[in-house]
Every structure is written in C-alpha cells, then in structure tokens.
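Participant: Sequence:
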Amino acid sequence: MSSSLNQSGLFSHPGRALEDHLLNVAELTYQIVGDSISSESPYTPYEKSIISDVSYILGLLHDFGKATDYFQNYLKGERVDKSKTRHSFLSSIVSFGVVNAYLNSTNKDINPTLKNFLKILSYIVVANHHSDLDDFLNELSVNPIDSEFEDLLQSINEVKLAILVSNLKNGSINSFKGFLSKISFSKEEILNFYKSFKKVRHGLKSEFRKITNSTDINISYYFLANLMFSALIGSDKEDAVLRRQFNLPYTTFSDSIIKSYKEKLPRSNLSMLRESAFEEVEKNFLELLKGNNLSHLFYITLPTGLGKTLIGFNIANILRNHLNKNQSKTFRIIYSLPFINIIEQNAMVFESVLKGELNNNITTDILLKHHHLSELSYTTEEDKYDVDASEILIENWESNIIITTFVQLFHTLISNRNSMLKKFHKLAHSIIIIDEVQAVPLKYWKLIDELLLKFLEEFNSYAIVMTATKPILFSSGYDLVRNVYPLNRYKIDAKTYYSYDSMEDFINTFKIEDDKSYMFVLNTISEAKQFYEILKEKVGETEITFLSSHITPKERLERIEKIKSNKFRFLVSTQIVEAGVDIDFDVVVRDIAPLDSIIQSSGRSNRSGGRDIGEVYVVKFKDKSNSANRLYASYIYDRVLLDITENLLKDRILKEEDVYKVFDNYMEEVVKKKDTEGTSNELRKALLELKYDGENAISSFGIVETKYPTIDVFIELDEDAEEIFKEYQSILDIQNHFERIKRFKEIKNSFYSYVVSIPENVQNIPPVIGNFYYVSRNSLDEYYDKNTGFKTEGGSVIW
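Under this note's numbering, the residue at position 24 of the sequence shown is numbered 55, and the numbers go up by one with no gaps.
Note that these hints are calculated values from the structure, not bench results. Hints are not guaranteed to be accurate.
[Said to hold, decoys possible] Each pair of labels, with its calculated beta carbon distance range: (1) L325 x S533: 53 to 61 Å; (2) S136 x S197: 20 to 28 Å; (3) E306 x N802: 52 to 60 Å; (4) K386 x N712: 41 to 49 Å; (5) E306 x S326: 20 to 28 Å; (6) I503 x L168: 54 to 62 Å; (7) S172 x S810: 50 to 58 Å; (8) V693 x P280: 44 to 52 Å; (9) K386 x E592: 19 to 27 Å; (10) D414 x S506: 42 to 50 Å.
If you're wondering where the values come from, they're calculated on a predicted model, not measured in any experiment. Each residue gets a CB set at the ideal place from its N, CA and C atoms; glycine is no exception.
Let the sequences and hints guide you as you build the complete structure.
Facilitator: This is the structure:
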C-alpha cells in the first residue's frame with residue numbers, strides 16, 4: 032500500500048497522514064468486497080466489478096471531511112465545537128458525488144435498480160461509518176443544512192487540499208487513475224456535489240421505495256449493504272490502529288488431526304458408541320466429497336455425550352482442507368455456542384487437538400476466543416500486540432479458527448450495530464459450526480432459516496448444525512447421521528415427585544442416598560436461592576454449591592471446575608448449566624420447563640454412561656407467595672410450551688431412547704399451536720426495507736431474551752478485586768480520553784470477572800463509585816451472599 036512523498040500536512044489520526052489512511056482503507060475495502068462476493072451471488076461478473084469499484088471510492092473518500100481546519104485543530108488537542116468536527120457529513124457528500132459520476136460514466140450494462148442502490152449506499156454507508164445504521168428511508172429524508180455544509184467546506188485549506196487530491200490520484204490503483212483525473216475535487220466542484228445531492232435526494236427516496244416495494248425484491252440488497260458497511264468500517268478501524276494491512280498467517284491442519292488426538296483419550300463406557308458415530312459421520316461426509324455433491328448446510332444430530340464437538344470440528348477441518356485445495360480462497364472455521372461459560376471448555380479441547388500437531392503454543396492467529404469479556408491479548412508467533420491492536424484483531428476475527436457465542440454470530444448476521452457489523456464480511460468463505468442450535472429462540476427460526484441459507488449460498492460459506500434433537504429449524508440441508516445410537520443412560524420420571532408443588536414438601540420427601548450426587552435445576556434465581564437454603568438445612572453446607580448469573584463470573588468458573596472434580600455432591604442451579612457444560616451427576620431434578628430444556632438438563636445425568644441408570648425427576652414448583660399459586664416456570668417460559676410439555680410427560684417415565692421420539696411429537700405440537708412466524712415476518716420486512724433502527728426494526732432482534740432491564744455491579748470479592756478497582760479509579764483520573772480508554776481495556780477482562788448484572792429496580796442498589804455501581808469488601812455482607820451471590824431485595828420473583 033502507498034505512502035505519500037509530498038504530504039499535505041493533513042492527518043486522519045494523530046501522526047497518521049490523511050492520504051495514507053485513505054489510500055490504505057480504499058485498497059483494503061476494495062479487496063474485501065471483491066473477495067467476499069461469490070459466483071453464486073445474483074450479480075453478473077461486470078456488476079461485481081462495479082460493486083468493488085464503488086467500495087474503493089467509499090474507502091478513498093470516507094474521511095475526506097477530515098481535511099477541514101476544524102478537524103485538524105481538534106486532532107491537535109485544541110478546543111473545537113464538536114458539531115464542527117462532523118467529518119462524516121462532508122465525506123458522504125463527496126462520496127456520493129464521485130460515485131454518481133463514476134456510475135453515470137460506465138458504458139456497459141448494469142441493472143438500473145442496482146445502480147440507484149449503489150448511489151444510495153455511497154451516501155449512507157459513509158455518513159454512518161462512525162455510528163450504527165439507521166432506517167435508510169429516514170436517512171434519505173433528512174434535509175442537509177446549507178450553512179453547515181458551506182461552513183465545513185470553507186474551512187478547508189485549498190493548498191493542502193490540492194496536495195491531498197494529487198496524492199490520492201497518484202496513489203490510487205491503476206484502474207482508477209483515468210477516472211479520477213476527471214474529478215478536480217475543487218471546493219466549487221464539491222459544492223456542486225452537494226447541490227446535486229439535494230436535487231436528486233427526493234428522487235433517490237422514490238427509487239428506494241421502488242426497490243423495497245418490488246415484488247422480486249430479495250434479501251441480497253440487505254447483504255450488500257452490510258458487506259459495504261462492514262468492509263469500510265473494518266478496514267478503517269484496522270488501518271487507524273495498525274497503520275497497515277494485517278496479513279493473517281494461514282495455518283492448515285491435517286485431515287487426521289482429530290483422529291490422532293482421539294487415540295490418546297482415555298477409554299470410557301461410551302467410547303465404542305462415540306467411535307461409531309465419529310466414523311459414520313466422517314464416512315458419510317467423504318462420500319459427499321467424492322461425489323462432488325456438497326450441500327451448504329449439514330446436520331449432526333446425536334445424543335448428548337457422543338462427542339459432537341470433536342465430530343463437528345473433524346468435518347469442518349476436512350471440508351476446509353478440501354475447499355482450500357479446490358478454490359482460490361482461504362476458509363476460516365467459526366465455532367459458535369449459546370453461552371460464554373462453555374467457550375473456555377471447548378477452547379481447551381481445541382487447543383489440545385492443535386497442540387498435538389503443531390507442537391507449540393497456540394497463538395491467537397490460530398485459535399481465537401471471542402465474546403464481550405474476551406481478554407484483549409492477541410499474539411502471533413512473531414508478535415505480541417498492544418491492547419488497542421489486540422482489540423481490533425480480535426473483534427475483526429483475524430484468526431484461522433474462531434470460537435464465539437450465538438450473540439456474536441447471529442448479531443453479526445442481523446444487526447444495525449457498528450461493533451457487530453464490522454465483522455460481517457468475515458462470515459464469507461467460512462465454515463460455521465452452530466452447536467446446541469435449539470437454544471435459538473423459536474420466534475426467530477423462520478427468519479434464520481431463510482437468511483442463513485441464502486447467505487451461505489451468496490457468500491460461498493458452509494454451516495454444520497449440531498444438536499441432540501431433530502433440527503427442524505432449517506427447511507433444507509443434509510443430515511450426516513443416518514444410524515440410530517441407542518443410549519440408556521437415564522430415565523425421565525414425571526410421575527414420582529410431579530405432584531409436589533411446594534419446595535419444602537418435596538425436599539422433606541425426596542430420597543437422598545449417600546453414594547449418589549444430585550443436581551437441582553430451577554427456573555428463576557429467586558426460586559433457586561430459596562431451594563438452596565431449604566436443601567442446605569437438610570444436607571449441610573460442606574457438600575453443596577450454587578450457580579446463577581448473580582454469582583461473579585470468576586466464582587462461577589471456579590465452582591464449575593470444582594464440580595467437575597467431584598468436590599460437591601449437591602448443585603443447585605438455574606438454567607445456565609443446561610447447554611454444553613460438561614458436568615455429570617447421578618440424579619437430576621428439573622423444575623418443569625419446555626421439553627428441550629428438560630432434555631438438556633437430563634444430559635447431565637450419568638453423562639458418560641459409567642453408572643447404573645441415571646435418574647431425572649421433573650417437578651412442578653409453584654410460587655406460594657403469589658395468590659394464584661403461579662408456576663415459577665411461567666415467569667420465564669411460554670405457557671403454551673409448558674402445556675405441551677406437561678401433556679406429553681405427565682405421569683410418564685421415559686427411557687432415554689424414547690425421549691427423542693417424544694421430542695418429535697413436541698415439535699409437531701409447537702408448530703401447530705404457536706405463532707412461530709410472526710416475529711420472523713416482521714423482521715424479514717425490516718431487512719427487506721433496510722429499516723435498521725426504529726419501531727419494528729432490525730435493531731429489535733435479540734438472540735438472548737432479556738426479561739428485565741439490568742445494571743452492572745462490581746463486587747469487590749477479594750484482594751485481587753480490591754487492587755483491580757483501585758486501578759480502575761486511577762484510570763479515571765487520566766485526563767487524556769484515548770489513553771484512559773486504552774488503560775481500561777488492559778484490565779477489562781479482570782475487571783468484568785467481578786461484575787454481575789442485577790435488575791435495575793431492586794431496592795438495595797449499591798452506591799456509584801467512579802461511574803460504576805460498586806460493592807466494597809467492607810459492605811459485602813450487606814449486598815453479597817458468599818453462597819448465592821447478590822442479594823436482590825424487593826422486585827420480581829424472577830430474580
């Protein structure tokens with residue numbers, strides 16, 4: 032990428048020449064867009080080249096507005112009216128003017144609808160590259176203010192502008208030099224761009240309405256908008272911090288890497304079944320490869336405990352090697368899970384697998400863990416990056432293998448947020464593993480079915496969906512499991528204790544045997560805390576522990592490790608243990624819930640099949656403080672789903688081998704009785720209309736359903752927490768805004784390991800210290816119980 036010789040003296044960031052930044056971002060944006068659009072997209076080869084060219088212009092001009100004296104003085108640290116530093120406004124007008132001129136100059140055929148859409152994108156993408164996306168129609172409806180634009184334009188130094196323009200023209204890729212030579216970028220011409228935009232704005236609104244109201248409209252324009260936005264903001268942030276393009280070291284792993292790892296694992300009662308499942312899935316997949324009959328979507332449907340993690344990783348790795356050999360692209364693997372607390376567990380397995388072949392430390396460019404609490408540390412074999420660079424590289428998914436959450440995956444696909452969409456383009460040419468897919472809320476199934484399948488086709492990507500139950504979420508795809516793997520590890524008993532609606536009566540009656548371990552899964556945090564206190568009176572405090580989101584993340588991880596090491600015989604928990612947490616108990620008691628949740632909890636009973644039949648008891652506790660004797664389950668689960676589950680389970684005892692047949696019946700009833708399409712249809716309409724924000728907009732999508740507004744509270748649990756909070760307070764005293772942010776990033780991971788989210792309307796809200804709700808070590812007893820976590824006084828029974 033280019034470096035200017037006779038520089039203009041204009042800067043994009045402190046110490047960064049504006050022309051260098053613009054040229055680098057232009058080339059990187061152009062490369063990303065060109066690489067991302069596959070042969071299966073709806074655009075002709077010529078249209079693809081036009082789209083790439085437009086993306087180059089957006090990159091080249093996205094920060095053009097930083098040439099004003101206002102912005103340059105702001106970079107020097109001078110006090111400037113913030114409204115005068117709005118560089119995106121001026122940049123978007125220049126981008127629109129140049130893209131409009133470029134598209135009007137093309138001689139070859141291009142779909143008129145696409146042509147108009149690219150003009151609209153040239154304005155909106157640049158205008159919002161430092162913010163979230165809004166409703167496109169609203170964006171086009173805002174009338175720019177003449178005096179504001181003219182003031183910004185007049186504040187540009189003409190001598191510096193001339194040098195900047197010359198450097199941009201000379202430094203641009205060869206295919207653009209001829210076109211750019213016809214654009215003067217004089218103040219007069221830029222003012223004409225502005226007048227032209229105002230003149231055609233209403234026409235663009237009409238064209239946009241035609242585009243979104245067309246009967247043949249499809250989701251491709253949503254993808255295109257996201258791709259252009261993602262390529263620009265991802266390139267902009269990467270260049271701003273790294274000052275260069277990051278070239279990911281590409282690492283391959285042999286097809287046999289998983290097999291080599293498995294040979295070293297200890298044998299268990301399930302080893303033969305696991306091996307059979309592994310071999311069957313691989314054999315079925317290799318047959319597809321041999322016949323050149325690849326689907327974009329595959330299923331691996333196997334009961335909990337049969338090694339889906341390794342099986343899925345094996346197929347993804349074989350597919351990756353095949354695609355890399357037969358295509359001119361390099362594919363990444365993205366492994367997604369519902370919850371943060373199982374990322375570390377799976378990452379440790381992947382690290383062990385990779386170390387067996389690489390024989391060295393697994394650096395971040397090889398394997399990356401990403402969620403909102405990720406440690407901001409990025410390393411390659413040659414380099415260790417500082418916290419700012421690490422943050423960009425992690426959030427841009429610069430790695431061969433990424434392990435992440437459903438939130439990160441699905442909110443990258445469906446979002447208006449800048450922070451999520453900047454990695455949208457990384458979903459292209461990827462092999463996406465979706466583990467525990469049943470955790471996706473039912474109301475989004477139809478939308479994700481259509482959207483993901485279309486995305487996989489248009490962006491040359493593949494998905495492997497893994498679940499223990501029939502994956503009816505998707506309407507097409509290829510199931511790699513054909514055999515039945517009969518397991519008889521547990522039985523679900525909805526008869527013996529089902530009539531006990533009082534926790535006290537149940538605990539007084541429930542038989543506890545000395546040689547067995549017990550897990551109790553409750554539906555609300557309040558219910559779980561009550562149950563814990565009653566059970567503790569019966570079994571004592573030494574062998575019992577508690578898990579919920581009101582326990583700090585640091586303690587949760589420590590307790591899970593102790594549970595795995597058999598340090599506790601009794602666990603009382605909310606549903607956070609359901610999906611993927613590798614723990615094993617003899618007996619599981621599950622308060623009534625939708626059937627898929629009950630099956631997930633059941634998978635924690637006799638998980639390895641090393642004991643006699645595990646026991647799973649379904650109970651039905653009621654809130655006795657409620658005059659209606661309301662089920663605790665009804666506070667968080669849909670009543671229809673609970674009724675369907677009860678009708679299928681009540682007074683029955685099911686063997687594990689029968690559970691999945693019952694689940695098929697459950698899903699049939701759900702589809703009959705629930706509106707599984709309403710929310711999806713609303714969101715689909717928003718996607719087609721590019722209504723990113725507002726009422727019934729894309730921004731309403733949320734893969735994690737929040738039942739109540741929350742606030743974050745720092746719990747000063749120990750000496751380490753005390754030191755971390757002192758450091759946080761010292762960071763607040765730093766005057767320089769950018770340095771203050773950077774220093775907090777350095778402690779962010781440690782800081783948030785002591786943070787819990789609590790309802791904002793509980794009565795015992797702790798004080799705010801240094802802009803954060805704070806419980807000091809001296810006040811721990813007032814706010815935090817050493818066993819059950821934050822004390823939520825008052826408020827709803829949910830917490």
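Participant: Look at each hint and say if it fits the structure.
Facilitator: Here is what the structure says about each hint:
Taking the beta carbon of each, L325 and S533 are about 56 Å apart, inside 53 to 61 Å as hinted. Between S136 and S197 the beta carbon distance is about 21 Å. The supplied range of 20 to 28 Å therefore holds. Restraint check, E306 to N802: a C-beta distance of roughly 55 Å satisfies the suggested window 52 to 60 Å. A hinted range of 41 to 49 Å holds for the C-beta pair K386 and N712, which are about 47 Å apart.
At about 25 Å, the CB distance of E306 to S326 agrees with the hint of 20 to 28 Å. Roughly 35 Å separates the CB atoms of I503 and L168, a value that falls outside the hinted 54 to 62 Å. Range check, S172 to S810: about 51 Å between beta-carbon atoms, so the 50 to 58 Å window is met. In this structure the hint that V693 and P280 lie 44 to 52 Å apart at CB holds, the actual value being about 49 Å.
The supplied range of 19 to 27 Å is met by K386 and E592, whose beta-carbon atoms lie about 20 Å from each other. The hinted window of 42 to 50 Å between D414 and S506 holds, with their beta carbons roughly 45 Å apart.
Checked against the numbered hints given earlier, this structure breaks only hint 6.
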